[in-house]
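K.L.:
The residues making up each chain are set out below.
Protein chains: 4
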Amino acid sequence: MINLDELNQFVRAEIVPLEQRFLQDGFGAVLPAVEHVRTMVQQRGWWCPPMPVNLGGMGMPLTEFAHVSEALGRTPIGHVCFNVQAPDIGNMELLHGHGSTAHHADWLAPLAAGRTRSCFAMTEPEFAGSNPVHMATLARDTGDHYEITGHKWFTSAADGAAFAIVMAVTNPDAAPHLRASQIIVPMDAPGMTIVRNIKVMGEPGEGWASHAELLLDRVKVPKTNRIGAEGAGFTLAQERLGPGRIHHCMRWIGICERAYALMCERAATRALAPGRMLGEKQSVQHAIADSRAEISAARLLVLDAAEKIEKRGQREARIEIGMIKYFVAGVLQRVLDRAIQVHGALGVTDDTPLSYWYRHERAARIYDGADEVHKNVVARHELRKFGLDVRSEA
Amino acid sequence: MINLDELNQFVRAEIVPLEQRFLQDGFGAVLPAVEHVRTMVQQRGWWCPPMPVNLGGMGMPLTEFAHVSEALGRTPIGHVCFNVQAPDIGNMELLHGHGSTAHHADWLAPLAAGRTRSCFAMTEPEFAGSNPVHMATLARDTGDHYEITGHKWFTSAADGAAFAIVMAVTNPDAAPHLRASQIIVPMDAPGMTIVRNIKVMGEPGEGWASHAELLLDRVKVPKTNRIGAEGAGFTLAQERLGPGRIHHCMRWIGICERAYALMCERAATRALAPGRMLGEKQSVQHAIADSRAEISAARLLVLDAAEKIEKRGQREARIEIGMIKYFVAGVLQRVLDRAIQVHGALGVTDDTPLSYWYRHERAARIYDGADEVHKNVVARHELRKFGLDVRSEA
Amino acid sequence: MINLDELNQFVRAEIVPLEQRFLQDGFGAVLPAVEHVRTMVQQRGWWCPPMPVNLGGMGMPLTEFAHVSEALGRTPIGHVCFNVQAPDIGNMELLHGHGSTAHHADWLAPLAAGRTRSCFAMTEPEFAGSNPVHMATLARDTGDHYEITGHKWFTSAADGAAFAIVMAVTNPDAAPHLRASQIIVPMDAPGMTIVRNIKVMGEPGEGWASHAELLLDRVKVPKTNRIGAEGAGFTLAQERLGPGRIHHCMRWIGICERAYALMCERAATRALAPGRMLGEKQSVQHAIADSRAEISAARLLVLDAAEKIEKRGQREARIEIGMIKYFVAGVLQRVLDRAIQVHGALGVTDDTPLSYWYRHERAARIYDGADEVHKNVVARHELRKFGLDVRSEA
Amino acid sequence: MINLDELNQFVRAEIVPLEQRFLQDGFGAVLPAVEHVRTMVQQRGWWCPPMPVNLGGMGMPLTEFAHVSEALGRTPIGHVCFNVQAPDIGNMELLHGHGSTAHHADWLAPLAAGRTRSCFAMTEPEFAGSNPVHMATLARDTGDHYEITGHKWFTSAADGAAFAIVMAVTNPDAAPHLRASQIIVPMDAPGMTIVRNIKVMGEPGEGWASHAELLLDRVKVPKTNRIGAEGAGFTLAQERLGPGRIHHCMRWIGICERAYALMCERAATRALAPGRMLGEKQSVQHAIADSRAEISAARLLVLDAAEKIEKRGQREARIEIGMIKYFVAGVLQRVLDRAIQVHGALGVTDDTPLSYWYRHERAARIYDGADEVHKNVVARHELRKFGLDVRSEA
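Top to bottom, those sequences are chains A, B, C and D. Under the numbering used here, the residue at position 182 of the first sequence is numbered 582, and the numbers go up by one with no gaps. Under the numbering used here, the residue at position 172 of the second sequence is numbered 572, and the numbers go up by one with no gaps. Under the numbering used here, the residue at position 255 of the third sequence is numbered 655, and the numbers go up by one with no gaps. Under the numbering used here, the residue at position 387 of the fourth sequence is numbered 787, and the numbers go up by one with no gaps.
Just chain A, with the same shape it has in the complex (with noise of 0.2 angstroms):
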């Protein structure tokens, strides 16, 4: 159990006063504080809040921890001092689950203990990431290895990190979403190259902070690297997406309240004339006042969705899954935009967050899967219940 107001405040007191540092002069600058920050984490005993105890976690279940990813949301460094960013906690969270024996000492240990990074790379630059099953890399199996070659992009934080799990074609003449494996791949394997980190939204960043390009070149990795069965990648992949999009969600909904109450500190306190405040504007009234009902939806709702993943698993809990997605990315969008149009000229500039979540946040609505896309599931889904099957998408 953390303490909700104790972790605000911690929020706010160590690591919200590090946050200029990381937006001016990127993640390296910031790192050394960083760490700073993530000592104090372990020594309260808050560290990595989801991995279990043995692993230096708490065992904390996915709706208490759902609270946690929000206080954490709301500076864009907060998840990095609790190690619980993604990708790793992803990754973590993926071996963890599903990995042998040897990856739990190889490969997890190390990352939950904060000691390496790591990075999850599937997208491909010539397929569409909205079709998951369509891609072109191949991991050819030469008896005991695999013999990797593709083209991935947005593999955010491979930059400085230990290993990628690839998705990669080992049954290329299987069902679709059968074809493809997740395998482990040690970044400073031969024939692993980062072609560049990608300028993203005015930055190509740096360490965690990143969004490479890889290329593999008949990257040799042992078959035991290979996380569950052959073949089960897709799966794997559709698993990681509940408890990842409560986290997801949870932190967007942090961003959300950070640029809420930025948008009212600044409508409270700048005056537009002598005595006269911002905050006195009626449309400066109404964007607080739909940000403010919006927000409580969208917890609310991801909270729901957290509860019928504990309680009727992540199966019986899709469409919430699915929903949450787009409804709180919308959320997160407007809420943004607002604070930012009432924060005038100081809100384009990066002497606030608000920019930066304004330029990365706008994949909210692109990553895991497009937001059309989660529409057409839930829309599916529901047309199911009467009488409709559609099967090829529109």
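If you're looking for bench data, these hints aren't it; they were derived computationally from the structure. Hints may contain errors.
Treat identical chains as interchangeable: a pair holds within one or across any two.
[To be verified] Only pairs whose alpha carbons sit at most 25 angstroms apart, straight line, appear in this in silico SDA-like list of lysine to any residue: (1) K708 <-> E464; (2) K785 <-> A661; (3) K599 <-> R421; (4) K599 <-> L700; (5) K708 <-> G428; (6) K711 <-> L636; (7) K599 <-> E710; (8) K599 <-> H760; (9) K785 <-> R734; (10) K599 <-> A429; (11) K785 <-> D588; (12) K785 <-> Q409; (13) K599 <-> E761; (14) K711 <-> M677; (15) K785 <-> E665; (16) K623 <-> N408; (17) K785 <-> L662; (18) K785 <-> G560; (19) K785 <-> G459; (20) K711 <-> G497; (21) K708 <-> L538; (22) K711 <-> D506; (23) K785 <-> G713; (24) K599 <-> D737.
Use these hints to put chains B, C and D onto chain A, whose structure you have.
P.N.:
Chains B, C and D only, in chain A's frame:
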């Protein structure tokens, strides 16, 4: 306790089939059938759930009745079949909480029993409804009596009502919020005239389903007809708002769910061409997916507000009570609009209830305070937390 | 030429005052007054401007009539006073362009003179209106005659019409776009029945202001009643769309301008409290400012389309004709919605024309092809320029 | 006259290919190539079209330059290649219209020739930009000189500029609109410091593509450096707005058209699965169709405003000048958002110019007066026609 599955089944089997009579021919035409359903409701022990048992009700708490109100909201004549229709249920709650013993015997008992109907006369055509302390109807104190003169409109359900609760100025020299009182006025009192049932959105309506313009010309009523203290009219009006808001919002959720089901059913069964169904269109799927997420979020927000009212009292929950007004009204309008669009030409006919709701629930963004007013209230409350006290709304 | 200032003044002085009679009591009640205005219009030489002089009109080109249609659109009964109301003006244009000499004498002349009314029977309840080649009404060739059997609805203004132009399949084995023909059917032909005036948005209406459901049971008409070639029905229907779209869209612009003026007037004259006017609220000001910009932009887009039709022909202008449909319909709905909100309770009554338009122009996004269909058409046309030929719409 | 087809071809062939250098490596990296293009532009006689021939320009009227500005707007470095980039072109127009003979020789001539750059220092961090008469920078009259002290920010393109035109209070006791003057200040004047290039939306930028924070500490300039009369600063600032608005809005239209073309091209060429193209999705088609209509309408609205400025003067066209600000900025943001969504992950990278515009044109709704301010101005003007004079904005 009402089993919700049974209730939904009852609504589908007994009330929905009466809808077309109401939509095509009006309230008078469907009234005999409604009376028949009311008898069935009483026999099942489901009568007027929020009223106490000694008044024939079930003493049902707000958080539980919320779900009942949703179930009844799925048809325009659901609430009236359970004697929980506005404005009667609000008047019952007011009389129950603040009426004298005589009021209980004379007015509340027959109302709760469904033997009479009532109305609530507050809005005046010459004054903005968004400013409820601004009115001209005057109750002159003549010793034992009040002599009331004024002009009211949007007095819903006045046609056929036994009495009106009239908001009138009794203390013209008091502070604005302390000027008015609420007074019971029999509809057959000399000087009380229904000028017309206002033609609203294409129909004047009749009986319960109408909105009257009233003239009060020196209407005499005993001072004992006043509810609560002199000058308490505005305070009492505020008090009825909290539970009333939950009733309304859950009714709107019920409307949304019905519209949603109609939309899905149409999408699943309407052919665009042989073998090509409407529901295969992505724009229709997105209408469904957006509606599903918005309705679910809206319901959670209303239930959360109801819980806060019950746990912390109406005063502490006033932000939540304000938020659900504009948030749910917005969802309601969008869902109805999408459901109509998916129905095409059928959607604008009165062959479904969609047109009725599209027309008559347009007022949801206006009555009980326009959305803009509630947004101002919520924002000003929030801004106070940040140190800004906005007095005059802008 | 019609001087627009004079025309606007005429509409304000002679037609707008009749509006309330129409809105409260229906088309029959206002008809005598409309007939009186029609006489005045003829005396001024303003009768039926798009028709040629020999038919009593003015031979006015489309780009000029566009402005007239806007001026008349400011009141629901404007067009009918000038004998340019839909569907009659569309039928006149069709008969004038493609009718035989006998059609001109028998049907067009009395119609253009305003001595008769007509209707256009195309839509069928069992088939999606968005797919106009999909219909069941069959005109069986019996030698000299067609024997027509079918089911139509949304046949606007059938009540009291002298004849219908009926779209019916004459060539069931032809390609889909070549199956149907347009055939003149007298309303008093044996076997032609008006089942009902459909109750649309709260009212069945009457006379010109109605939408009928029709049954044709082996209705016999001479084959000479067919307009144009056998199988040309769909092509002729397309052809009427271009000028008809301009008429409709400029009428919508007229509605927008009237709603805008009502909104401004209400904002400028309604007190929220002594000395504090509604128009001082920023939300009201933004409703006005957004509407002003959208209406002005919409008008320019329609006038640009009209010019392209005149200069390059309807085929070359088909993207413009498609775009104005959904763009202007969207503006129309938003402007009406804002005008109602600014009016508060008054806005939902029929004491202004806002409610009438809010209700009956909801269909603007549905009739003549739902907005979604036109968007698909525009996009597919644009995508062809980039090398993608989308055949089956998604 | 510039042939627009030739111009568009030139932009495509000579400027667009330089874009990636600018987007990936910054303004300094692309500057040599830009200088080369500038020489080509001069050779073609297309240099700085709005300036008169004797200053090396073409003396092109506003309505004609509007189309040129659109063509150049299709790439972020288009305007700078023709020496018509903000803020220089605005400064040229100001100096040309109101500068002394000495100003023309010393500052305007080299600026128009492209040998220098300039900036415009108006906004101050401590004061709301939406209230331009509210500022603290003071120009103290010391006889022959002004001694200027103040704090400015968002002084675009200050980095590398030869001079700034500084708005400073010269008459602190005058009425608010008569307090300030515009004064030419060489950037190398003692006491003038660039504190930083503000990091805006992820990048501090450099050279022309930057926004500086400036400190003026008792900067001395001769009083002859003042442009126009003492206290005329605000009036001159207003005057530059009209043509400047047309330049900006047509540049935005150019951005929209480029984003639209990129969106269509992506939709037409990106496969979702073998043989199934992105452009077959209805949601993509609707993004295209909505954008096409909105861009076309926006262009017509801007051209109409330009024509009104030319025919009736800026004062008579001020509503049009206000409307296009918020209308076109809204279209710009929506079109960019849709284009990014259609591009998926590629859309958030800097591999296309979409990210640059998404980030840097977010300010379009803020600079030159936030949209909210322009809406208030338009509405108040409209309300005056209906008899309401709103003095204090709400």
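K.L.:
What hint numbers does the structure not satisfy?
P.N.:
Structure breaks hints 4, 5, 7, 11, 14, 16, 18, 19, 21 and 22.
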